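Chains as they are written, first to last, in the working numbering: chain A, 1 to 253; chain B, 1 to 194; chain C, 1 to 208.
Hints listed in this document are in silico derivations from the structure and should not be mistaken for laboratory results.
Possibly wrong hints are sitting among the right ones.
Unchecked claim - Taking lysine-lysine pairs in the DSSO-like style, the calculated list, with each CA pair at most 27 Å apart, reads: (1) 79/A to 94/A; (2) 204/C to 10/B; (3) 195/C to 146/B; (4) 77/C to 204/C; (5) 121/C to 38/C; (6) 10/B to 162/B; (7) 180/B to 27/B; (8) 170/B to 186/B; (9) 77/C to 137/C; (10) 76/B to 64/C; (11) 10/B to 76/B; (12) 76/B to 38/C; (13) 162/B to 27/B; (14) 10/B to 146/B; (15) 96/B to 64/C; (16) 251/A to 137/C; (17) 96/B to 146/B; (18) 186/B to 38/C; (19) 64/C to 38/C; (20) 197/C to 121/C; (21) 119/C to 195/C; (22) 170/B to 180/B; (23) 169/A to 38/C; (24) 77/C to 195/C; (25) 137/C to 119/C; (26) 146/B to 119/C; (27) 204/C to 169/A; (28) 38/C to 10/B; (29) 197/C to 64/C; (30) 29/B to 170/B.
The structure presented is a predicted model; accordingly, all values stated were derived computationally and were not measured.
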Amino acid sequence: MSDTVTLAGPQQRQFNPYSDNGGTILAVAGANFSVIAGDTRQSEGYNIQTRYAPKVFRLTDKAVLAVNGFAADGNMFVKKVKQRLEWYRHAHSKDMPLRSIARLIQSMLYGRRFFPYYVYNILGGIEEDGSGAVYSFDPVGSYERETCRAAGAAQSLVQPFLDNQIYFKNQVAAPGTSHPSHLPLSDVLALVIDSFTSATERHIEVGDGLEIFIVLARGAPIHGLEAIQGIQEMTSNAEGERVFIVRRVLKYD
Amino acid sequence: METSFAITGKGYTIVASDTTAARSIVKMKVDEDRIKVLSSHLLMACSGEPGDTIQFSEFVERNIRLFQIRNNYSLKPSAAAAWIRRSLAQSLRSRKPYSVNLLLGGYDTTSHRPHLYWVDYLGTMTEVPFAAHGYGSYFVLSLLDKYHDPEAPLEEGLAVLKRCMDEVAKRLIVNPSAYKIKIVDKDGVREIEL
Amino acid sequence: MSIMEYNGGSVIAMVGKECVAIACDLRLGNQALGISSKFEKIFPVTDKLYVGLPGLATDVTTLKELFRYRVNMYTIKEEREIEPDTFAHLVSSTLYERRFGPYFIEPVMAGISTTPGGKVKPFIAATDLIGCLNFAKDFVVAGTASSKLFGVAEGLWEPDLEPEDLFETISQTMLNAVDRDAYSGWGTMVYVITKDKVIQRTLKGRMD
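Whole structure, please, built from the sequences with the hints as guidance.
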């Protein structure tokens, strides 16, 4: 009989509210710009749910947020951050400064200390002093301003490459010279594209598409940027910081 | 768990091992000699499972002696260490492996150089300037990173060894009461008190 | 606790133009505790072929000795040196002999062979711990820093590198990968094998 209850032991039920949706994000700060990128594959195990699910979002004209980890939490988190930024705009008639967005994100993440948003955040943009900045967060809000950071499925592949190419780790400058503290935009874009093609080659959860956001400081020259094919400007206010997006295809396999 | 450590210096290797034999919370013995003299210029400090340490060290002792009798010369420290390591490695994949950790200190009478080998029960072996086994290793290794000098004369070597024993006495909750200390150099093996 | 990560350590091999390179770190640890900074994981097989053995340290020594024995027996019986591809199959079958109680080692091989016509053929290969062969055309990695090595190598490596450029590429790959791995590092050793010489260098690295 199927309705016989087995009294072998206590019944247990469990619900796991989290999942891992793969993908990788990356951000690099320049002297007067910031580049924030992420792939667009969303997967669960060996199953690709979609080949286009954005992980990088424009928050304001000077702030872009990349979220990676559990996609449902990521989307909800971005929605709530955008809402808080809109409230700020209504209250103060200006966009929230980048460092304040970073602190806001910390509070929002730590506010969920005991039921966290299962996401790694990387915030890129322009500070009030016009410098390019990257802030990286863990799921419960520990954060730090850095020059570059990778997160997500291919973090272990990309981060040591960035250590070498951006921070010049294990490289010795020629006598009488020193390594630059910030790279030019063209170099950064090349490294970001290389990082993602490399990660796509060796990691099954990375691929399909690449979205690169470029945030330029107020009055910064755009030299070379207009030459990139398919580049789109997403700026809402003409005389402030400018946000561009470049889309690239990555391998589908 | 027992603590043993060893250091090399200019023409010598010092091996030290605590002398407490404990079972659970009871000290059974406070004058146990864990450092076996394998040949005229070879020392072996054993720690681990009580029965295994004795069985294995006597097995090694007799085989080293057998080689000496058969061939009329004794194995160099490097050769002895390789043989001992292999015995442990073979034992690891047997039905009942020995759980014995070793420090092998020797003096090579052909090249006139001291040697020290760190060996664990898995058969992992590496030649090192200083080594330790047991909980004491967590304190002693960092200390030796700072104070060890491979060219130090014996007096300085013993002074460093004293620092190690004092540190273990100070920081380890179950501190050993006494140590057996043996030195091997060009003149062979001798025991000292510190 | 994984057996493969008990002692730590990593190896990488790369192909260049008429040359190959192989590199290992020098750490031996017991989980988080460092024991030795002089534990080499690469051993010569012939003067044009090297094997790297990352994994459980006891098996590093055991397999080093076992391969030495089997290669010596081969050399005596055949009255010639073993070819790299033959050695790769020797490694594979030696490991597969222990299919259900394996040696915890993932070997990496690098060597060059000369064809009867005098052409130089670079050779690299790797296997898993039970001997599944992987003949790669570019580079192979193994050990606790393997994912990091893959990432950096994929970014830095290019085809047909000359010996000195290959040395720089493999060195930078190794140094930067092990700096992001707690179980690897404490110095690096690099071998570049060309048709008429082997360049062996020990690199200083971060000691943390």
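Against the structure, the hints:
Using a Cα cut-off of 27 Å, the hinted pair residue 79/A and residue 94/A holds, with the two alpha carbons roughly 19 Å apart. At most 27 Å may separate the alpha-carbon atoms for a hinted pair to count; residue 204/C and residue 10/B meet this at roughly 25 Å. About 44 Å separates the Cα atoms of residue 195/C and residue 146/B, which puts this hinted pair outside 27 Å; it is violated. For the proposed pair residue 77/C and residue 204/C, the alpha carbon gap of about 41 Å is over 27 Å, so the pair is violated.
A threshold of 27 Å between alpha carbons decides the hint, and for residue 121/C with residue 38/C the separation of about 32 Å lies outside it, so the pair is violated. The straight-line distance between the Cα atoms of residue 10/B and residue 162/B is roughly 17 Å, inside the 27 Å bound, and the hint therefore holds. Proposed proximity of residue 180/B and residue 27/B is supported: the alpha carbons are some 17 Å apart, at most 27 Å. Restraint check: the Cα-Cα separation between residue 170/B and residue 186/B comes to about 34 Å, which exceeds 27 Å; the hinted pair is violated.
A distance of roughly 31 Å separates the Cα atoms of residue 77/C and residue 137/C; the hinted pair therefore is violated under the 27 Å criterion. Taken as a hint, the residue 76/B and residue 64/C pair is honoured in the structure, with Cα atoms around 20 Å apart against an allowance of 27 Å. A threshold of 27 Å between alpha carbons decides the hint, and for residue 10/B with residue 76/B the separation of about 18 Å falls inside it, so the pair holds. As the CA atoms of residue 76/B and residue 38/C are separated by approximately 21 Å, the hinted pair is consistent with the 27 Å bound.
The suggested pairing of residue 162/B with residue 27/B holds, with an alpha-carbon distance near 23 Å, which does not exceed 27 Å. Between the alpha carbons of residue 10/B and residue 146/B the distance comes to roughly 17 Å, so the proposed pair stays at or under 27 Å and holds. At most 27 Å may separate the alpha-carbon atoms for a hinted pair to count; residue 96/B and residue 64/C meet this at roughly 24 Å. As the CA atoms of residue 251/A and residue 137/C are separated by approximately 20 Å, the hinted pair is consistent with the 27 Å bound.
For the hint linking residue 96/B to residue 146/B, the alpha-carbon distance of about 39 Å lies beyond 27 Å, and the restraint is violated. For the given pair, residue 186/B sits about 26 Å from residue 38/C by alpha-carbon distance, which is consistent with the 27 Å threshold. The straight-line distance between the Cα atoms of residue 64/C and residue 38/C is roughly 16 Å, inside the 27 Å bound, and the hint therefore holds. Between residue 197/C and residue 121/C the CA atoms are separated by roughly 15 Å; this keeps the pair inside 27 Å, and the hint holds.
Proposed proximity of residue 119/C and residue 195/C is supported: the alpha carbons are some 10 Å apart, at most 27 Å. Straight-line distance between C-alpha atoms of residue 170/B and residue 180/B comes to about 18 Å, which keeps the hinted pair within the 27 Å bound. Distance check on the hinted pair: residue 169/A and residue 38/C sit about 23 Å apart at the alpha-carbon level, within 27 Å; holds. About 25 Å separates the Cα atoms of residue 77/C and residue 195/C, which keeps this hinted pair within 27 Å; it holds.
The suggested pairing of residue 137/C with residue 119/C holds, with an alpha-carbon distance near 17 Å, which does not exceed 27 Å. With a CA separation close to 52 Å, the supplied pair residue 146/B and residue 119/C exceeds the 27 Å bound. Annotation: proposed proximity of residue 204/C to residue 169/A holds, straight-line Cα distance about 13 Å (limit 27 Å). Straight-line distance between C-alpha atoms of residue 38/C and residue 10/B comes to about 20 Å, which keeps the hinted pair within the 27 Å bound.
Taking the CA atoms of residue 197/C and residue 64/C, the gap is about 23 Å. The hint holds against a cut of 27 Å. For the hint linking residue 29/B to residue 170/B, the alpha-carbon distance of about 21 Å falls within 27 Å, and the restraint holds.
Hint violations for this structure: numbers 3, 4, 5, 8, 9, 17, 26, all remaining hints satisfied.
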